Every structure is written in C-alpha cells, then in structure tokens.
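Q: These are the residues of each chain, in order.
There are 2 protein chains.
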Amino acid sequence: MNFNDYIRNIPDFPKEGILFKDITPLLKDKDAFHAVIDKMADKFKAKKIDYVVGIEARGFIVGTPIAYRLNRGFIPVRKPGKLPYDKISASYDLEYGSSELEIHSDAINKGDKILLVDDLLATGGTTKASIDLIEKLGGDIVGIVFLLELLDLEGREHLKGYDVYSILKH
Amino acid sequence: MNFNDYIRNIPDFPKEGILFKDITPLLKDKDAFHAVIDKMADKFKAKKIDYVVGIEARGFIVGTPIAYRLNRGFIPVRKPGKLPYDKISASYDLEYGSSELEIHSDAINKGDKILLVDDLLATGGTTKASIDLIEKLGGDIVGIVFLLELLDLEGREHLKGYDVYSILKH
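These protein sequences, in sequence, are chains A and B. The numbering of the first sequence is this note's numbering, which starts it at 16 and goes up by one. The numbering of the second sequence is this note's numbering, which starts it at 16 and goes up by one.
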C-alpha cells in the first residue's frame, strides 16, 4: 500500500503559497488508516514505553490509536486554556509572534518512558515545545513518530539526539 | 473496573460554578483507556458501520481508537478554518453567541452508515450540529456514543430518535 495515494495536496491553504498536505483521505480509508497506525506503532514496540504523548489536535488522531495498539496510556499536550488541572507551559514561535502548549504537571513522573506522536513534522516548533514539557517533568523520550515529514522545512534539525521516525517524507 | 475512579472533578473550570469532569486520568491508565474504548466500540460492533465520525478535539481522542478497534475509517468534524478542502458548516449555540463546526463535503456519501463519537454529552449542542452536518451529506447515523453523559443538562432530549449510548452517567 502506498500511503501517498491518500494524501491530498491543497494549494494556498491556510494561506497563499502554502501547499497543505491533507491527511483526511488516509484517515477515511479503513485499510490505509489501520496500516499506517500499525506502522507508526510497531516501529517502537520493541522499546520500553510507559506512555504515548500526542499534540493537539491532529496528534490526537494518530496518537490515541497508537496508544491503543501498544496498550499504553495516552497523555495529551494541549493548546492554552484547555487543560483543567495544575499544568506547565512551553512556548514556540509562529511566523508572527508565538503560542504555547500545556501539559498537566502530574501527567509524567521522573523516568517515565515517553513516545511522542504528531501527524506532521514541519518546522519542528510544536514538537520542540512538547519535548520541553515532557523533559521539564522528568520524562525520558524514547522515540518521536510522525505520519508525514516536510523535508524542505528541516524540522529534524531541531530534534537531534532523538530517535525520530516519519512514515512519509515530502 | 469502575471507570468513575479515573474521572477527576475540577471545581470552577472553565469558570466559576462549573464542575469540570477531567478524563485525563482515565486516558493515562492503559487498562482503563483500553477497556473504555473496547466498551464504547463493542456496543455497536454488531451494526453495519462504514465510518466513525469524531468531534474536535476530545472526540478525536476517543473516536480514532474506536475506528481502529472496529476497523473502520475515521472522519473528523472540526472547528472553523481547520479543514482545507470544500466543506459545509453547522452552527450551535453557546452561552453567549454561537459557534460553528465543519465537515468536508466529500467526507460522506448518501447512505453511508455513521457512528458518531464524542467524549461528553452536555447540552447536546455540538452533537446536534454534527448530526446536521452528517445528515446534510446524506449520512445515516446508526449510533451515537459518549464516554460521559451529564444527566442534569438533559442533552439527550435533543437526540431523540437516535441510538444513544454513554458509558458513564454523572
């Protein structure tokens, strides 16, 4: 199965000059969806993992079935104001300005083994912020897995020293 | 297993007077997470289902592993401006004003059998908007499943005629 057949290119979204990679056709096809989750999960199944962490919102879409597949718990990294309990935050740069991500303070204990999941590796900003959150709480990141990596944006440069795996490279 | 042991009550979130039901302890416990997904999915496994539809964002957290478990495709209902392709929208009331949800126009074909999933049935506003989107595209809703139902808010009153199932009733 070629997963690229299920990625739709949308020109000029969310703004002019951006070629957006739409993963919804892949999610909709039961065989492609199941196979891509298995491939993302099984890459790390030989490692000791305590929890899968997924980044809001599309990281939830791939992260929770990976947690289910690996029979591990799921921990969400969320946008500001969404998590109700004690939390910490980390900021990341946008084209203009910056934004933040948050995680519950009690989500991770020192030494917990974490698999970090998102759909897309672009510039790596949200991934790096999520790494900061996990490591501030003492978590040990044993792997980072993406459905799709945009090579031109060189996000991987910000993730040196981590075991990074992406299913598709565009 | 009593899933209620994994629901954390947070007073005054997101604002004073609201008792927020935090599902993150349940998601984090691998056995509770796995068991609740199986229970939500297996309630409908005897029915013919083509696609699972989940509502952004916490509906993604429970919806995608249910789709994985049932071996069906997943279709997201998203907040405004997130979906990149041709789409339709439906509005729902907030305490002050209103907001919208969107779905891709080609996500569902006439007669497709849909299982609609979200984490929480509160007033039923976002559920009703999602039903409107699915039915505008000709989808046939064979079931609606929630992790948690807040009985006092009587959201179920807006869902008459549908096969509605919730794991926990608070």
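Don't read these hints as lab results, they were simulated from the structure. Given the structure is predicted, the values throughout are model-derived calculations rather than measurements. Treat the hints with care, since some could be wrong.
Copies of the same chain are indistinguishable here, so a pair counts whether it falls within one copy or spans any two.
As the list claims (entries may be wrong) - In silico DSS-like links for lysine-lysine, alpha-carbon gap of 27 Å or less:
| hint | residue 1 | residue 2 |
| --- | --- | --- |
| 1 | K45 | K125 |
| 2 | K143 | K97 |
| 3 | K97 | K63 |
| 4 | K97 | K58 |
| 5 | K62 | K128 |
| 6 | K54 | K102 |
| 7 | K58 | K45 |
| 8 | K54 | K184 |
| 9 | K45 | K60 |
| 10 | K128 | K45 |
| 11 | K60 | K97 |
| 12 | K175 | K63 |
| 13 | K30 | K125 |
| 14 | K45 | K102 |
| 15 | K63 | K30 |
| 16 | K60 | K30 |
| 17 | K58 | K143 |
| 18 | K63 | K151 |
| 19 | K151 | K184 |
| 20 | K97 | K184 |
| 21 | K143 | K45 |
| 22 | K30 | K128 |
Q: For the identical chains here, do K54 and K102 meet the 27 Å Cα criterion within one copy, between copies, both, or neither?
A: neither (32 Å within a copy, 30 Å between copies)
Q: For K97 and K58, with the copy left unspecified, which applies at a CA distance of at most 27 Å: within, between, both, or neither?
A: neither (31 Å within a copy, 29 Å between copies)
Q: When no copy is named, should K63 and K151 be tagged within, between, both, or neither for a Cα gap of at most 27 Å?
A: Within one copy only: 20 Å inside, 46 Å across.
Q: Indicate which option fits the pair K60, K30 if close means a Cα-Cα distance not exceeding 27 Å: within, between, both or neither.
A: neither (38 Å within a copy, 41 Å between copies)
Q: What label fits K60 with K97 when the C-alpha limit is 27 Å: within, between, both, or neither?
A: Close neither inside one copy (30 Å) nor across copies (32 Å); limit 27 Å.
Q: What label fits K143 with K45 when the C-alpha limit is 27 Å: within, between, both, or neither?
A: between (31 Å within a copy, 26 Å between copies)
Q: Evaluate K143 and K97 at a C-alpha cut-off of 27 Å and name the case that applies: within, between, both or neither.
A: The answer is both: 20 Å in one copy and 22 Å across copies each meet 27 Å.
Q: Have a look at K54 and K184 and pick one of within, between, both or neither, based on CA distance no larger than 27 Å.
A: within (15 Å within a copy, 36 Å between copies)
Q: Give the relationship of K63 and K30 under a CA distance limit of 27 Å: within one copy only, between copies only, both, or neither.
A: neither (41 Å within a copy, 39 Å between copies)
Q: Indicate which option fits the pair K30, K128 if close means a Cα-Cα distance not exceeding 27 Å: within, between, both or neither.
A: neither (38 Å within a copy, 34 Å between copies)
Q: I want to check one pair: K58 and K143. Are their C-alpha atoms no more than 27 Å apart within a copy, between two copies, both, or neither?
A: Result: close within a single copy only, 21 Å intra versus 39 Å inter.
Q: Please sort K45 with K60 into within, between, both or neither, judging by C-alpha distance up to 27 Å.
A: both (22 Å within a copy, 15 Å between copies)
Hints 3, 4, 6, 11, 13, 15, 16, 19 and 22 from the earlier list are contradicted by this structure; the remaining hints agree with it.
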